[in-house]
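Heads up: the sequence lines are chains A and B, in that order. Under the working numbering, the first residue of the first sequence carries the number 1, and numbering increases by one thereafter. Under the working numbering, the first residue of the second sequence carries the number 1, and numbering increases by one thereafter.
One should not assume that every hint holds.
Unchecked claim - Computed cross-link-like contacts, SDA-like style, restricted to lysine to any residue with a CA-CA straight-line distance of at most 25 angstroms:
1. Lys318(A) with Glu23(A)
2. Lys55(A) with His12(A)
3. Lys55(B) with Gly83(B)
4. Lys59(A) with Met263(B)
5. Lys57(A) with Glu210(B)
6. Lys112(B) with Lys59(B)
7. Lys249(B) with Val226(A)
8. Lys297(A) with Glu136(A)
9. Lys233(B) with Gly283(A)
10. Lys280(A) with Met263(B)
11. Lys206(B) with Glu177(B)
12. Lys233(A) with Glu178(B)
13. Lys141(A) with Gln274(B)
14. Lys249(A) with Ala201(B)
15. Lys195(B) with Trp259(A)
16. Lys141(A) with Leu272(B)
17. Lys205(B) with Pro251(A)
18. Lys10(A) with Leu73(A)
19. Lys63(A) with Trp259(A)
20. Lys233(A) with Lys59(B)
21. Lys249(A) with Ser208(B)
22. Lys185(A) with Ser54(A)
23. Lys318(B) with Met263(B)
24. Lys185(B) with Pro142(B)
25. Lys318(B) with Pro142(B)
Hints in this document: simulated from the structure, not taken from any laboratory. Since the model is a prediction, treat every value here as computed from it, not as a measurement.
Number of protein chains: 2
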Amino acid sequence: MVRAKTWILKKHFEGFPKQSDFELKVAELPPLKDGEVLLEAVFLSVDPYLRPYSKIKMKEGDKVIGSQVAKVLESKNPSYPVGSYIVAQSGWTTHFISDGKDLSLMPPSWPKNLSRSLALGTVGMPGLTAYFALSEICRLKPGEIIMINAAAGAVGTVAGQLAKLKGCKVVGCAGSEEKVAFLKKLGFDEVFNYKTVGSLAEALKKASPEGYDCYFDNVGGAFSTVVLNQMRKFGRIAVCGMISLYNDKEPQQGPYIQWPILMNQLCMEGFLVQRWENRKEEGLNALLKLVVEGKLKCPEHITEGFDNMPAAFMGMLKGENTGKAIVKA
Amino acid sequence: MVRAKTWILKKHFEGFPKQSDFELKVAELPPLKDGEVLLEAVFLSVDPYLRPYSKIKMKEGDKVIGSQVAKVLESKNPSYPVGSYIVAQSGWTTHFISDGKDLSLMPPSWPKNLSRSLALGTVGMPGLTAYFALSEICRLKPGEIIMINAAAGAVGTVAGQLAKLKGCKVVGCAGSEEKVAFLKKLGFDEVFNYKTVGSLAEALKKASPEGYDCYFDNVGGAFSTVVLNQMRKFGRIAVCGMISLYNDKEPQQGPYIQWPILMNQLCMEGFLVQRWENRKEEGLNALLKLVVEGKLKCPEHITEGFDNMPAAFMGMLKGENTGKAIVKA
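Just chain A, with the same shape it has in the complex:
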């Protein structure tokens, strides 16, 4: 018998999530039936999307949603032999049984010296998000100027590096001096700490007096309004996230944005990475190739221990991570 530990959403979040919103449960798993596999979590992902989707995807008492890299412990399904690794949207749990339909086998050719946790980050959903949004939403061209906020996050670090590889000027911002220094090492052209610059508008102007062709927005709200007013004609805004708004109890307000949208003929588009599900393999292959060639660095912020998942999630929402926030089971 295998005992699975699972984090349950005990109470819907109100404002910023609290430890008491989560509850750890333990249950014994039944024996495998034909066609099933038993999986054990190796790395688990904590992602910002959990916050906005909490009420949409879960009710109180449900397992917390999320993806993980897991190892096959037992198998009655020839597609998933014992010892193989998979990626699955199986939620915050240490062990689970699957009939295989919702599993993605990691390629046997996965490089030995590459942590499998990257399948949750640069060579996974966040990497694909950056990859497709830059080409399909930002329609980024060599020589253009792009602004990326939450730039030290899982998506921002990939987006900034890909934009540099494309021959663009990349301006990033983050919330600590350490992150600023790290992003400069990653190759960002200009980086500032949004918490300590007196005026965001002036910091943006200083970083790129010519304005911005693209804006990769992970933050939304008041921050975005300032950036929109510095976009160039025909600028594109990829609305990837809105971490400044996720924890609102009352919706925040600001000036309507039709002025800059109209006067500079801007195009602002929201997207979810699932839109490109049919091109997933293309994206993952391209990202893995860049990682193997050393052209794409993969910063990670690893928290040890499954029991610390709520803390890792809340820490990520507070910006404690540089790069992808991962929990090692």
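Chain A is already provided as a structure; the job is to place chain B on it using the hints.
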């Protein structure tokens, strides 16, 4: 000697424009030089864009900007024979001299029974705005559902009719019962008076319980925020105007719109019709053909007398017109 009457911007608008912001001046025009033509206004256009562009395009003391249909009174330029008609961005003036560079000759084939004023409306800038925005920004497909506000205006009436011709469900709104009745006669599927519906959200829901694929936005601000929350997945928003915001002394505020933009993967794009300058002839030919075939009605609101231009402009901003607001000189 010809005496030209000209409306001058005496004082920059503050809030809603006032009669005292304008001043009428009279001046004698010099004799023509070689290559020049003398023109007399026949129809003049008053358009919403004058309000947002007033500070950008004019300083106090300048001639008020705007387009007109004019007739050639005298000519020392063989391209513009006496008696021919042109369209020009010549401002609010009864007579002017041109070297021809800024004139567009109206086709000699212009149908006899068609008022030349249409070259300022359905077969002019407002018509082109609707024509290109529907295809290029809304990317409207047959069977889709589109919401158009300020639907009884110069652009809205064309946009709604073109969307019907494309096989779409068209929901419009306007600010009087007369306009509502008129739009229903034009073929709009659902129309409501935004001034008398208790709740805009409920009126939109009732008109299209399935939501909206496209939103042709002439209004902006609070109105738009309500519509955005009823857009369907992958909806497109064409930001054509923002008449609810033009007269702000302090910018109006409302909830940030990243939520609906992201969660429904909406695409919101601002545009100016000049973007399609290279396709102007294509657009005008298509619009003229539809008008001649009787497929496109061309409502106009005509004010008599050049001296009434400021009143016509202010009346249009208040929504007194159904269809294109025109001044007959």
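We went through each hint and held it up to the structure:
1. Lys318(A) with Glu23(A): 21 angstroms, holds
2. Lys55(A) with His12(A): Roughly 7 angstroms separates the two Cα atoms, so the pair holds.
3. Lys55(B) with Gly83(B): 36 angstroms, violated
4. Lys59(A) with Met263(B): Between Lys59(A) and Met263(B) the Cα gap is close to 19 angstroms, so the pair holds against 25 angstroms.
5. Lys57(A) with Glu210(B): 22 angstroms, holds
6. Lys112(B) with Lys59(B): 40 angstroms, violated
7. Lys249(B) with Val226(A): Measuring from Cα to Cα gives roughly 19 angstroms; hence the hint holds.
8. Lys297(A) with Glu136(A): 22 angstroms, holds
9. Lys233(B) with Gly283(A): OK: Lys233(B) and Gly283(A) at ~23 angstroms, within 25 angstroms.
10. Lys280(A) with Met263(B): Within the cut-off at roughly 20 angstroms; holds.
11. Lys206(B) with Glu177(B): 18 angstroms, holds
12. Lys233(A) with Glu178(B): Between Lys233(A) and Glu178(B) the Cα gap is close to 39 angstroms, so the pair fails against 25 angstroms, i.e. violated.
13. Lys141(A) with Gln274(B): Holds: Lys141(A) and Gln274(B) sit about 23 angstroms apart, inside 25 angstroms.
14. Lys249(A) with Ala201(B): With Cα atoms ~21 angstroms apart, Lys249(A) and Ala201(B) stay inside 25 angstroms; holds.
15. Lys195(B) with Trp259(A): With Cα atoms ~24 angstroms apart, Lys195(B) and Trp259(A) stay inside 25 angstroms; holds.
16. Lys141(A) with Leu272(B): Distance ~23 angstroms between Lys141(A) and Leu272(B) Cα, so the pair holds.
17. Lys205(B) with Pro251(A): Cα-Cα ~22 angstroms, so holds.
18. Lys10(A) with Leu73(A): Violated, at about 29 angstroms.
19. Lys63(A) with Trp259(A): 44 angstroms, violated
20. Lys233(A) with Lys59(B): 23 angstroms, holds
21. Lys249(A) with Ser208(B): 30 angstroms, violated
22. Lys185(A) with Ser54(A): 35 angstroms, violated
23. Lys318(B) with Met263(B): 35 angstroms, violated
24. Lys185(B) with Pro142(B): Within the cut-off at roughly 21 angstroms; holds.
25. Lys318(B) with Pro142(B): 33 angstroms, violated
Hints 3, 6, 12, 18, 19, 21, 22, 23, 25 from the earlier list are contradicted by this structure; the remaining hints agree with it.
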